[in-house]
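Residue numbers (my numbering), protein chains in the order written: chain L, 1 to 307; chain Z, 308 to 562.
Source of the hints: derived by calculation from the structure; they are not laboratory data.
Where is the CB? At the ideal position from N, CA and C, for every residue including glycine.
Please note that the accuracy of each hint is not assured.
Below, a sample of chain L positions facing chain Z; criterion: calculated Cβ distance under 10 angstroms [claimed, not checked]: (1) Lys49; (2) Pro62; (3) Gly76.
To spell it out: a stretch of chain L is covered by chain Z in this simulated footprint if at least three of its residues, at any positions, have a beta carbon under 8 angstroms from a beta carbon of chain Z; those stretches are [what the hints assert, rightly or not]: (4) 17-30; (5) 34-45; (6) 63-74; (7) 267-280.
Sample of chain Z residues with no beta-carbon within 10 angstroms of chain L, all distances over it, derived [to be verified]: (8) Arg329; (9) Arg340; (10) Asp357; (11) Val382; (12) Ala396; (13) Ala459; (14) Ala461; (15) Asp492; (16) Pro502; (17) Leu518; (18) Ala529; (19) Cys535.
If you want the building blocks of each chain, they are given just below.
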Amino acid sequence: MVDLELDMRARIGRLELAKPVMTASGTFGFGEEYRSLVDLGALGAIVTKGISLRPRAGNPAPRIAETPCGMLNAVGLENPGLEAFLRDKLPGLREMGPAVVVNILGDTLEDYAALARALDGAGGVDALEVNISCPNVERGGLAFGTDPALAAEVAAAVRESTRLPVLVKLTPDVTDIAAVARAVAATGVDGLVCINTLRGMAIDPLSGRPRLGKVIGGLSGPAIRPVALRAVFEVAREVDTAVVGVGGIGCWQDAVEFLRAGAVAVQVGCATFRDPSAAVMVLRGLEDFLKGLGVRSCSQLVGAVEL
Amino acid sequence: MKPIRLEAELLDARAVARQMVRLRLRVGPCAIRARPGQFVMLGPLAEGMDPFLNRPFSIHRLEGPEAWELLVAEVGRGTRMLARLEPSARLPVLGPLGSGFEPPAEGELLLVGGGAGVAPLFFLAEDQLARGRRVRLFYGASSADRLVGCEALAARGARVEICTDDGSAGFGGFVTARLEQALGDGSDWLAACGPEPMLRAVTGLARRFGLAAQVSLENRMACGTGACMGCSLLLAGGPRRVCVDGPVFDAREVF
Ligand SMILES: Cc1cc2nc3c(=O)[nH]c(=O)nc-3n(C[C@H](O)[C@H](O)[C@H](O)COP(=O)(O)OP(=O)(O)OC[C@H]3O[C@@H](n4cnc5c(N)ncnc54)[C@H](O)[C@@H]3O)c2cc1C
Ligand SMILES: Cc1cc2nc3c(=O)[nH]c(=O)nc-3n(C[C@H](O)[C@H](O)[C@H](O)COP(=O)(O)O)c2cc1C
Ligand code: FES
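Bound conformation, chain Z alone (with noise of 0.2 angstroms):
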């Protein structure tokens, strides 16, 4: 669907892990026209002109018929005030943005998510998991208590394989390292998003095992919508946008 903008409500916004804050915001029958891996712009945060841009978060989830979660990972200013507004705040919402996942037909679908990564890996999961089909998520975090919503998806029935770097829950190590001893059991595919040197190891990973990998990518963005040019990647194809063009990319165009 193209973008609308919007004032969306904030029907709740919730610690949900050490510095992770889940938004929930109602913005009406639009909602389920997203697709896994669109985003949206947030803002203005503030009135007045600072924090100066809106912020790209990922559709975390959909929840219920009207509205979409956020989970946002507080890293500097926009971020913390976010994570503070109070129940009932309406927030200039534009969206759902860019390009989603574009899952195979067919067979086990392998995600990967690293940190705040994660984010829309649930969606492209419980879309898919509706659909019957059989999802295993390698999900990696500094620490068990960076970590959320594992047990909602694993009882959606997904496959949750928790990787800490700090081996303080699952496995201890990179999600990567993880991966790499499950691959080769049949899978052709997987998604993933998170930091730029993780996904970098995915994509390693899956040209070696033959698979079809899509990346989430994240850029610094003005508009969101095409029109600046301020999120656009030298890639090897020409300059793509991440923001329209991606953020899901095909792996092989990126790395």
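Here chain L stands alone, though its shape is the one from the complex (with noise of 0.2 angstroms):
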């Protein structure tokens, strides 16, 4: 009997990942985190936590506030850094199996581009996910993202500065998504990734007091799904470039729902805080799912969807 094995691979670009699941940015540190509670090896690639050049401190308490099917996060990109990163981070993500991403944001241009060359030669990085739809820093991230002439200008400074391959990271804080997504593919970036977390804000109505330290912060959970998937929709109909689905996806029929809307891959986001398992559940899902229907690769279901 011939051999059907489910083919899982997914292809962004130059990057190609084993299995079409990883962990989205900021929801699984460096992965360390969950070594002793998640069979590590099984996914994709891990996304860390945002880099940037220096050591950032992130904003006042509190930083999260639950909101209806989510949760709000004002954390503002705390990191070790760059340097830190490379000599405490890298090594022991490099162990753990899955494609090594990592997440960059910049105030600047040419800090986004100093972080692209850094880890081009700093090895065992597979690929960076360029941030520039951060809502919780003052500056850069989101102000990029929001201009289809900037966050091409970030794309390109980094697309130049590395042999890595690039992802960006875009907001779905913009009146039409496809005109960033169209901007920034033009620039030969491997693939585009939607969403990041949406502005909002929580007041307490009895203290009068905002539930973020910053007031306002990103929202994430499955409140977000159809305002990522219609991201995604709108994305992959729009470019050749590949879509990495992210917002609310928290079980394997949610990343059918990304697949079917045109995305080559997925990212599991917050539902890790509820099980940390979130990403390898939702990954072996998939597979069942595939087998079930018979088909021979993951890739036969990125956008089959029936119109």
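Got two chains here, each in a separate frame; can you build the complex from them with the hints?
And the structure:
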């Protein structure tokens, strides 16, 4: 009998993943936090917490607020900075098995380029994910992501500073995400990641105080899944560049929705806070579902939506 | 020990004071590996996506070789759901998490607890009493009907000093007022857990009387494992995650 092994590989431009499921930036630390809890080796990639050139302390507490079917966060990119990342975190990440995708964030174009250059030479990094969509920092982040021309400038700057595959993470907080996607895709990056959190806030009705120290934060979880799915659908229809779906994915059915909308791979974010194994469970469920369907490869499902 | 995630069986959920329930969870042989001061993340609390986040609770007591007790104050939606659980319910637990208390090797141990903050101090007290240490607990509550477990702890040999805001039991007034009267009699270490104003006042007293102090802090949490940076506090020495760098901190680091 021929072995009809299911092909789960996902191709995101020059980045090839053994499995189409990754952890989302900021929700899985540097992998080490989950080493004793999760079958890390099963995952396609681990995407790190956002790394900046210099260490960042982040925002004042509270940084977390629970909301209906989701949460707000205003962490503010607390991270150890590039140097400490390379020294203390990257060696461990390399050993874990999954591809290593480093999420980067800068205040300026030059910051992004410098991060890309340094990580290019580091060894053991498989791709960069460029965060131009963080709602929780004063400069950089979202400011770049909401303007197609600026977004493309950042993408080009990173692209020219590294040989590594480059993914660009987009914000849903724009009128026309397809326009941003078109501009970024034209720079020749390998993938577009849709979406980062949506800007949101919550107020304690009794005290009158905002529930986040920073007042406004980013909304994530199942509450944003329809928005993320729509973004993936609009972007995948618009560009030839590979699209990665993220936003409220917590089970394999959610992942199937995103693949059908046009994503070639997915990321699992804050579902991990409810169950550390969420990403692995998504992957296993997806595999079983595809086997049941009788398809040969995961990629056959990509864009398979009946309109 | 490294944290593990398991489905705990609820052996017992009992109202032990006004709007306070004690949950007894069978977690298996890992129970005895927990250290006083450590906590667990409980949840998901319901099927479906609401409430979305799991909830942190200190380990209140070890109960036999395979169970943990949690002391839960009903303050909101999640804790009310926990209070209504029926025995034999299954509850996902992640733990034990965080750092523990580090009492010195000698001398009387002073513990200061306010409200549900007394929870981890019972574990600490019983652990230290079993090692033959002298333990004195200053226990503050709003009123007598909010106090839990005082007789049982006293029966194990602890000196329990009850303080109530309304004077309905023990010393009438804040626990810090009673503590202030008692300090200066030779103890040189204290541990405190409770509302932030209490911890601040206790730290001030410890400083004044030259005691080393450890405080157990709370903050909003998402992961409980150090991954999300959601529970970090901006302390003088830099950002520190309550869930892995704490929840027990040297008081001088915090206040
Ligand atoms: C390390 C640690 C140990 C704790 N130990 C205990 C304990 O032993 N006994 C006990 O009764 N309580 C303890 N708490 C507080 C307990 O976690 C909250 O009271 C509980 O999460 C409230 O949930 P809720 O759904 O009822 O309230 P809601 O107000 O509906 O909760 C909404 C959100 O706010 C969070 N939240 C609300 N109050 C607190 C708080 N004080 N600290 C942290 N997060 C909060 C919830 O987790 C949830 O994400 C501890 C907290 C921490 C951080
Ligand atoms: C606590 C937290 C921290 C995050 N940090 C980052 C980050 O550093 N960089 C980034 O690009 N996205 C970050 N994100 C966004 C997630 O990667 C993801 O895009 C978003 O949460 C939506 O997915 P989810 O609903 O599955 O969580 C963070 C999200 C959360 C909840
Ligand atoms: S709760 Fe996530 S880092 Fe502490």
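How the hints compare with the structure:
Contact between L:Lys49 and chain Z, as hinted, is supported at the beta carbon level, the nearest pair being about 7 angstroms apart and thus within 10 angstroms. Here the hint on L:Pro62 is kept, as its CB sits about 5 angstroms from the closest CB of chain Z, short of 10 angstroms. Taking 10 angstroms as the C-beta contact cut-off toward chain Z, the hint placing L:Gly76 at the interface holds, the least distance being around 9 angstroms. Residue count for the stretch 17-30 of chain L with a Cβ under 8 angstroms from a Cβ of chain Z: 4. That meets the three needed, and the coverage hint holds.
Note: the stretch 34-45 of chain L has 3 residues with beta-carbon separation from chain Z under 8 angstroms; the three-residue rule is met and the coverage holds. Only residues whose C-beta sits within less than 8 angstroms of a C-beta in chain Z count toward coverage, and the stretch 63-74 of chain L has 10 of them, enough to reach three; the restraint holds. For the stretch 267-280 of chain L, the stated coverage by chain Z is satisfied: 7 residues place a CB nearer than 8 angstroms to a CB of that chain, which reaches the threshold of 3. Against chain L, the non-interface label of Z:Arg329 holds: every CB pair exceeds 10 angstroms, the least being about 24 angstroms.
Distance to chain L confirms Z:Arg340 as a non-interface residue, since its nearest Cβ pair spans about 13 angstroms, more than 10 angstroms. Distance check for Z:Asp357 against chain L: the nearest CB is about 6 angstroms away, which does not clear 10 angstroms, and the non-interface claim fails. Every Cβ of chain L is farther than 10 angstroms from the Cβ of Z:Val382; the closest lies at roughly 13 angstroms, confirming the non-interface assignment. Even its closest Cβ contact with chain L, about 17 angstroms, leaves Z:Ala396 beyond 10 angstroms, as expected for a residue assigned away from the interface.
For Z:Ala459, the requirement that its beta carbon stay farther than 10 angstroms from each beta carbon of chain L is met, with the minimum near 34 angstroms. No beta-carbon of chain L is positioned within 10 angstroms of the beta-carbon of Z:Ala461; the least distance is around 36 angstroms. At roughly 36 angstroms, the least C-beta separation between Z:Asp492 and chain L is larger than 10 angstroms, which holds for a residue marked as non-interface. Every CB of chain L is more than 10 angstroms from the CB of Z:Pro502 (nearest about 15 angstroms), matching its label as outside the interface.
At roughly 27 angstroms, the least C-beta separation between Z:Leu518 and chain L is larger than 10 angstroms, which holds for a residue marked as non-interface. Listed as a non-interface residue, Z:Ala529 fails to keep its Cβ farther than 10 angstroms from every Cβ of chain L; the least gap is roughly 5 angstroms. In this structure Z:Cys535 is not separated from chain L by more than 10 angstroms, as the shortest Cβ-Cβ distance comes to only about 6 angstroms.
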